[in-house]
Amino acid sequence: MKNFKSPLAVVLSAGLILLGTPGVSPASMIGTERLAAQSQRADTEARLQTLLSREDVQQQLTAWGVDPAQAQSRAAAMSDEEIQRVAATLGQQPAGGDVFGVIGLVFVVLLILELVGVTNFFTRI
Amino acid sequence: MSGLRPLWLALGLTLTGCAALPPSPAGEAVQLVGVPAHAQEELQCGPAALSSALQAAGVEASPESLKAALFIPARGGSLQVELLAQTRQHGRLPVRLAAEESALIAALRDGQPPLVLLNLGVRSYPVWHYAVVVGYDPEQGYLLNDGKAESSRYSRRAFLRRWDWAGRWAILVSRAEQVPEPVRPADWITAAAPLERSAPALAATAYHAAVQRWPQEPLVQAALGSERYAAGDLEAAVQALRQAAALAPDNAAYANNLASVEWARGCATAARAALAKVDLPTLPNSLAAALDATRTEIAATPTAVCPDAVQP
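Chains as they are written, first to last, in my numbering: chain H, 865 to 989; chain L, 3 to 314.
So that you can see chain H by itself, here it is in the shape it has in the complex (with noise of 0.2 angstroms):
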């Protein structure tokens, strides 16, 4: 009995110093995948700012009764579900790059709107 278990022990103790070993990362490092979600979110959420501090977004806007300062609060404080519908939704403008150029304004501020959810709008219409 006594030989049947020490190779076992000889395999299971090899087994935790290599769990042992640093070559994972430690609980404090943050991992790729969150840096890049995070890189990635970062970058909708400029392309999202942009538009909203444009003068005349902001004119818009200011016309239909919601204040731009929180619309702006509004996209800052976005849920990563919600970031990532923006980037689909931006993402799926016709390409050409300049949205404006292509479906206008006024269809570009409603999307923004809706998009951040400034709900309290639509009873104002």
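What the hints contain is simulated information worked out from the structure, not anything from laboratory work. These figures come from a predicted structure and were not determined experimentally. We put the beta carbon where it would ideally sit given N, CA and C, even for glycine. Take these hints with a grain of salt, some might be off.
Which chain L residues face chain H? A few, computed with CB under 7 angstroms, are given here [unchecked claim]:
#1 SER26
#2 ALA188
#3 ALA224
#4 ALA225
#5 ASN258
#6 ALA292
#7 ALA295
Once you have looked at the hints, place chain L on chain H.
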């Protein structure tokens, strides 16, 4: 929100009614050779398309061999995530392309056939189909391997509509050694990162290729730094993470990883300095928790001796 529906519908109709096709991308026609076309069985477009793309990237994988892993009978097709997973299983990177026609054409010019999702139905009744783009001609449109024994010709308008209605989803099945031309840094890292668990050597190759291509991109340096750290190469890790932190000084996650590695190599002072600039209360909760853990960790005395010459 429902009060807006009619307005959306009206705008949507206007949009589809008046949107003109953007001008054709200029340049010469391009057609890739060496991308096999597979005649698919019913509902087997996923295996057929992935097999074409894998073979173009030098992996012998028949549609038959991919079928078991890809086809979901209950759904009558294959899921995008399964295509991504199977690409990684075969040692290649599934890299998302920008949702722009120009990215598809740039990929073709770089010799890479994009695997695309098409909607052969309409928006409200989608019929999904995978295909591989193998050619573009400004006069004649697109050439696709779409499940027939020969490539099929699509007019540019017909192709773009079907692609647009499927969310403009396109990936490249890429070797890890070299980044294809139209790929963006975050998409490359996103494609490679899951390989850290299943095939660390392949992830390392992909990160090194990324650093060659984008040495000034903080995310790329941070990815290499984490990978080197996991491989036990602390000096290379700290070099890369210092670069990442210098290129993006406001990024708390990079500062956190730099601090962790500095501490692991015995440099407690440098670790504290890396974290000093981070303003914890402004961070989202999950990130703040990670940084707090790192702070607690580096409050203890490190076990190693810092190799840096001057350690005040």
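Hints and how they fare:
The interface hint given for SER26(L) is broken, as the beta carbon of that residue sits about 11 angstroms from the closest beta carbon of chain H, more than 7 angstroms. Of the supplied interface hints, the one on ALA188(L) holds, with its beta-carbon coming within about 5 angstroms of a beta-carbon of chain H, less than 7 angstroms. Here the hint on ALA224(L) is kept, as its CB sits about 6 angstroms from the closest CB of chain H, short of 7 angstroms. Below 7 angstroms, beta-carbon pairs count as interface contacts, and ALA225(L) has one with chain H at about 5 angstroms; its hint therefore holds.
Satisfaction of the interface hint for ASN258(L) is found here, the shortest Cβ-Cβ separation to chain H being roughly 6 angstroms, below the 7 angstroms cut-off. Below 7 angstroms, beta-carbon pairs count as interface contacts, and ALA292(L) has one with chain H at about 5 angstroms; its hint therefore holds. Taking 7 angstroms as the C-beta cut-off, the interface hint given for ALA295(L) holds, the closest approach to chain H being about 5 angstroms.
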